[in-house]
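Guided by the hints, dock chain P onto chain R, whose structure is given.
2 protein chains.
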Amino acid sequence: MSNNAKTITIALDVMGGDAGPSVVLAGAEISRRRYPELRFILHGEADAVLPELEKYDRLKSESVFHPCEMSIAMDDKPSQALRHGRRVSGMWKALESVKSDEADVMISAGNTGALMAMSRFCLRMMPGIERPALAAVWPNLQGESIVLDVGATIGADAEALVDYALMGSAMARALFDLDRPRVGLLNIGVEEVKGLEEIRSAGARLREINLPGMDYRGFVEGDDLGRGGVDVVVTEGFTGNIALKSAEGTAKQVGAYLRDAMSRTLMAKIGYLFAKQAFNQLRVKMDPRKVNGAVFLGLNGVVIKSHGGTDAEGFASAIDVGHNMIRNGLQQKIANDLEETRFGEVEPTGDK
Amino acid sequence: MSNNAKTITIALDVMGGDAGPSVVLAGAEISRRRYPELRFILHGEADAVLPELEKYDRLKSESVFHPCEMSIAMDDKPSQALRHGRRVSGMWKALESVKSDEADVMISAGNTGALMAMSRFCLRMMPGIERPALAAVWPNLQGESIVLDVGATIGADAEALVDYALMGSAMARALFDLDRPRVGLLNIGVEEVKGLEEIRSAGARLREINLPGMDYRGFVEGDDLGRGGVDVVVTEGFTGNIALKSAEGTAKQVGAYLRDAMSRTLMAKIGYLFAKQAFNQLRVKMDPRKVNGAVFLGLNGVVIKSHGGTDAEGFASAIDVGHNMIRNGLQQKIANDLEETRFGEVEPTGDK
Numbered sequence: 018m019s020n021n022a023k024t025i026t027i028a029l030d031v032m033g034g035d036a037g038p039s040v041v042l043a044g045a046e047i048s049r050r051r052y053p054e055l056r057f058i059l060h061g062e063a064d065a066v067l068p069e070l071e072k073y074d075r076l077k078s079e080s081v082f083h084p085c086e087m088s089i090a091m092d093d094k095p096s097q098a099l100r101h102g103r104r105v106s107g108m109w110k111a112l113e114s115v116k117s118d119e120a121d122v123m124i125s126a127g128n129t130g131a132l133m134a135m136s137r138f139c140l141r142m143m144p145g146i147e148r149p150a151l152a153a154v155w156p157n158l159q160g161e162s163i164v165l166d167v168g169a170t171i172g173a174d175a176e177a178l179v180d181y182a183l184m185g186s187a188m189a190r191a192l193f194d195l196d197r198p199r200v201g202l203l204n205i206g207v208e209e210v211k212g213l214e215e216i217r218s219a220g221a222r223l224r225e226i227n228l229p230g231m232d233y234r235g236f237v238e239g240d241d242l243g244r245g246g247v248d249v250v251v252t253e254g255f256t257g258n259i260a261l262k263s264a265e266g267t268a269k270q271v272g273a274y275l276r277d278a279m280s281r282t283l284m285a286k287i288g289y290l291f292a293k294q295a296f297n298q299l300r301v302k303m304d305p306r307k308v309n310g311a312v313f314l315g316l317n318g319v320v321i322k323s324h325g326g327t328d329a330e331g332f333a334s335a336i337d338v339g340h341n342m343i344r345n346g347l348q349q350k351i352a353n354d355l356e357e358t359r360f361g362e363v364e365p366t367g368d369k
Numbered sequence: 018m019s020n021n022a023k024t025i026t027i028a029l030d031v032m033g034g035d036a037g038p039s040v041v042l043a044g045a046e047i048s049r050r051r052y053p054e055l056r057f058i059l060h061g062e063a064d065a066v067l068p069e070l071e072k073y074d075r076l077k078s079e080s081v082f083h084p085c086e087m088s089i090a091m092d093d094k095p096s097q098a099l100r101h102g103r104r105v106s107g108m109w110k111a112l113e114s115v116k117s118d119e120a121d122v123m124i125s126a127g128n129t130g131a132l133m134a135m136s137r138f139c140l141r142m143m144p145g146i147e148r149p150a151l152a153a154v155w156p157n158l159q160g161e162s163i164v165l166d167v168g169a170t171i172g173a174d175a176e177a178l179v180d181y182a183l184m185g186s187a188m189a190r191a192l193f194d195l196d197r198p199r200v201g202l203l204n205i206g207v208e209e210v211k212g213l214e215e216i217r218s219a220g221a222r223l224r225e226i227n228l229p230g231m232d233y234r235g236f237v238e239g240d241d242l243g244r245g246g247v248d249v250v251v252t253e254g255f256t257g258n259i260a261l262k263s264a265e266g267t268a269k270q271v272g273a274y275l276r277d278a279m280s281r282t283l284m285a286k287i288g289y290l291f292a293k294q295a296f297n298q299l300r301v302k303m304d305p306r307k308v309n310g311a312v313f314l315g316l317n318g319v320v321i322k323s324h325g326g327t328d329a330e331g332f333a334s335a336i337d338v339g340h341n342m343i344r345n346g347l348q349q350k351i352a353n354d355l356e357e358t359r360f361g362e363v364e365p366t367g368d369k
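From first to last, the protein sequence lines stand for chains R and P.
The first sequence begins at 18 in our numbering and counts up one residue at a time.
The second sequence begins at 18 in our numbering and counts up one residue at a time.
In isolation and in its complexed conformation, chain R is listed as follows (with noise of 0.2 Å):
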C-alpha cells in the first residue's frame, strides 16, 4: 500500500539468513537512509526481532512490525518448511504482505529451496508462466547482466527458456533502462548446431517472434558470462548455478592468489602499499555484496532473495535491487512482455 506515489514498501523476512535481524535490520537501516521513500514491513519473531530494532530509531518509527510464530531454518527441506511454516512462519507471512498488496515487495535472506516453494505456493505464477526463474545481476568487462535462472528449478524445457528470455529482457529494461536488450541463450557452442535440442528450439522461437523489446543474439558461451556483450544470459537453472559459483569461486581463487604474491616478498609488499588505493577500488568493484539480491521472476509480486551469508551492506544492496525493479514497473513490463508474445500458447517449434 502506497501512501504517496513514491513510497515503496518492503516485506522483510527479519528471520531469514545465517545472522537473521542483526543483518537484516542494519541492513534496512542502510537502504533507508539510501532511499527515504523506503517503508518496511518487518516479519519476525518477537524476542529476536524487537531488541535489535531498538538500535534503530527512525527505522523502528517508519515501520510496521508483525510477529510471527516461528521461522523457516536454513536447512528445511522445501516441504518441510511448506508443511511447518504455512501462514504461521516470518518468511510466509511476508510473502502474504506481498499478495495483500500491502508490501511492493518481498526480501530474504532465508532458505532459498524453502523461499521458492512458498512463493509459488502463495503468490502463485503469472498466468502462462509454468516455473519461476532466480535472476542474478552479473558483472562483466563491459558493465553488467542478468543471469537466469542460477537455480530456482532444473530442468527448464523449450518454452520456459522462452519465458526465461522474456522475463529476463524485461527486468533489464527496468534494471539497466534499455530499450532493447540483448539476449544469448547459452551453449557450449556458437554454431547452430551444437548443444541440446530445447536450447536450439528456444533459439528458433526467439528469433521467430522477433520482440520489440528484445534483441535475440544467438548462443553465448561460458566465458561470454565475464566478457559480456549481452545485457541477459538465458540458461537452465541446474547450469546456471553451477556457472555462477564457478564464477564466484574463480573470483575468490585469484583474489587469494593476489594477496598470496603481494605478500611473498618485500618489494611486493612496497608495492602494495603504493598501489593501496588501485587494491581497494579493485576490493570494491569485485566485491560479491554489491551484486547481492537475485530476483524471482514470473511470480504474481516481486520476491528478492538476499545471499545467506551476506552483512548488512549486501542486505542493502539486495533492499536495493527491490528499490529498482519496482520503481521501474518490473511485473508490468513482463505481464506486457507476456501478452505481446502470447496469441495461444508458445509453441517451440523444431530445430531451424
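No lab work stands behind these hints, which were simulated from the structure alone.
Be aware that a few hints might be false.
Each pair may be met inside one copy or between any two copies, as identical chains are not told apart.
In silico DSBU-like cross-links for lysine-lysine, where the CA-CA straight-line distance does not exceed 35 Å [what the hints assert, rightly or not]:
{"id": "1", "residue 1": "K307", "residue 2": "K77"}
{"id": "2", "residue 1": "K350", "residue 2": "K302"}
{"id": "3", "residue 1": "K77", "residue 2": "K286"}
{"id": "4", "residue 1": "K350", "residue 2": "K116"}
{"id": "5", "residue 1": "K286", "residue 2": "K269"}
{"id": "6", "residue 1": "K302", "residue 2": "K286"}
{"id": "7", "residue 1": "K307", "residue 2": "K72"}
{"id": "8", "residue 1": "K269", "residue 2": "K293"}
{"id": "9", "residue 1": "K269", "residue 2": "K302"}
{"id": "10", "residue 1": "K72", "residue 2": "K116"}
{"id": "11", "residue 1": "K307", "residue 2": "K286"}
{"id": "12", "residue 1": "K302", "residue 2": "K23"}
{"id": "13", "residue 1": "K307", "residue 2": "K293"}
{"id": "14", "residue 1": "K72", "residue 2": "K269"}
{"id": "15", "residue 1": "K23", "residue 2": "K286"}
{"id": "16", "residue 1": "K116", "residue 2": "K269"}
{"id": "17", "residue 1": "K293", "residue 2": "K116"}
Coordinates of chain P only, in the frame set by chain R:
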C-alpha cells in the same frame, strides 16, 4: 612402437589448431628438449609441414613424417569431418598411428567435435564404456583437480557419471601420483536431496561400490572447483563445459580489472613497478597455457585435445600431459578399475 623401454611416441595432427604447423612443431621442439625420450610421428600436408620442419634439425631427424591428402577445418561439423576426412586426413591418420601401436598417444589442436567423432570411430571405446569424457586439469587453491566431462558429450546418465568417476580417478592416480583420489559429483546443493536424479543415482552407486582406488566424497558445488578439496570432479559434459568456460572468463575478467587498476594512477604504477616480480609470478600461475591439454578418456588409446588457439608453449603443455599419461600407465589403470567394478554391468540404483 617403443624401441626401448623409455621411448614414448607421440602422433601429432600437425595441421590442427588455428595456426597449424608453426605452433605444433614449435611445441614439439619444446617438449623434445624437455623429454629427450619423446619421438614424434607427424601427420600433415607436405607443403605446409616440410618447410616448417626444416627449422628444427633434431626434431626432423628424430621424427617420422607421414604426408596426408587433406585436413579437417576448425569449423567442419563432425559428420562432415568423418565423411570427408576418414582415412585421408592428418587427424585420422594420427589416430591410426595409435590404433596400430606405432604411437602411444595422439595429440591434436584441431576441431574438438571432429576429433571426438573420429576418435570413437577409429579407436573405439573401451569395453563397457559407452561415451568418452573430456578431462581437464583445473588449478585450485589447494593444487589441481581433474574435471570431467568438460564437453565431449551431453546428457550423461547415472551409469556414464559412474564411468567418468572411475576414469577420472584413474587419471588422478596417473597424473597426481595419488593412491586414492577424492572424487566429488558436481551438484547444486550438498544435501543428498538436491539435484538431478541421475546425479543422485550415481552418488548412491559410487558409495556402494566403494573402490579401493577412489575415495567418493559426495556432492560438491560450483565454487568448490576453485576452492579445491577433491581431486576429481565429475559432471555431465554440457555443465562441465559451461563451468570451465565460465571460470576461464572470470579469470580473464579479474585479470583485466587488475591491469586497469594498476595503470590508473601514478601511485598504482609505482606500486606495480615494485611488485612487478610478484605480478609476473601471478601471471605464470594464471597462465592458461600451463593447463592446456584435455584428455579424452574411455577410448582404446590416449587422445589429447589442445586448445585450438594456443601457442607453442601451450601445445608443449599438451604434449607433457600425453607424456605423463603414458609414463604412468593411464590406460592400464582405467582398465583395471573397470574390471574391478564390473561383475556384470553397473546398474545405477535408485536414490538412497
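Results for each hint:
Proximity of K307 and K77 under a CA criterion of 35 Å is satisfied intra-copy only: 25 Å inside one chain copy versus 57 Å between copies. For a Cα distance limit of 35 Å, the shortest separation of K350 from K302 inside one copy, 30 Å, qualifies, whereas the shortest one across copies, 46 Å, does not. For the identical chains of this complex, K77 and K286 are neighbours neither inside a copy (46 Å) nor across copies (48 Å), given an alpha-carbon limit of 35 Å. In the homo-oligomer, the alpha carbons of K350 and K116 lie at most 35 Å apart inside one protomer (19 Å), although the nearest pairing across protomers, at 60 Å, exceeds that limit.
In the homo-oligomer, the alpha carbons of K286 and K269 lie at most 35 Å apart both inside one protomer (20 Å) and across protomers (24 Å), since each shortest distance falls under that limit. Taking the shortest alpha-carbon separations for K302 and K286, both the intra-copy value of 22 Å and the inter-copy value of 19 Å come in at or below 35 Å. In this homomeric assembly, K307 and K72 come within 35 Å of each other (Cα to Cα) only inside a single copy, at 25 Å, whereas the closest approach across copies is 54 Å. Taking identical chains as interchangeable, the C-alpha atoms of K269 and K293 lie at most 35 Å apart whether they share a chain (19 Å) or sit on different chains (22 Å).
For a Cα distance limit of 35 Å, the shortest separation of K269 from K302 qualifies both inside one copy, at 13 Å, and across copies, at 15 Å. When the C-alpha separation of K72 and K116 is checked against a cutoff of 35 Å, the pair qualifies only within one copy, where the shortest distance is 30 Å, while the shortest distance between copies is 75 Å. In this assembly of identical chains, K307 and K286 lie within 35 Å of each other by CA distance both inside one copy and across copies; the values are 28 Å within and 27 Å between. In the homo-oligomer, the alpha carbons of K302 and K23 lie at most 35 Å apart inside one protomer (30 Å), although the nearest pairing across protomers, at 52 Å, exceeds that limit.
Taking the closest pair of Cα atoms, K307 and K293 come within 35 Å of each other both inside a single copy (20 Å) and across two copies (30 Å). Taking the closest pair of Cα atoms, K72 and K269 come within 35 Å of each other only inside a single copy of the chain (34 Å); across copies the shortest separation is 44 Å, beyond that limit. Proximity of K23 and K286 under a CA criterion of 35 Å is satisfied in neither setting, with 50 Å inside one chain copy and 46 Å between copies. In this assembly of identical chains, K116 and K269 lie within 35 Å of each other by CA distance neither inside one copy nor across copies; the values are 38 Å within and 43 Å between.
Taking identical chains as interchangeable, the C-alpha atoms of K293 and K116 are never at most 35 Å apart, the minima being 48 Å within one chain and 57 Å between chains.
In summary, the structure is inconsistent with hints 3, 15, 16, 17 from the numbered list given earlier, while agreeing with the others.
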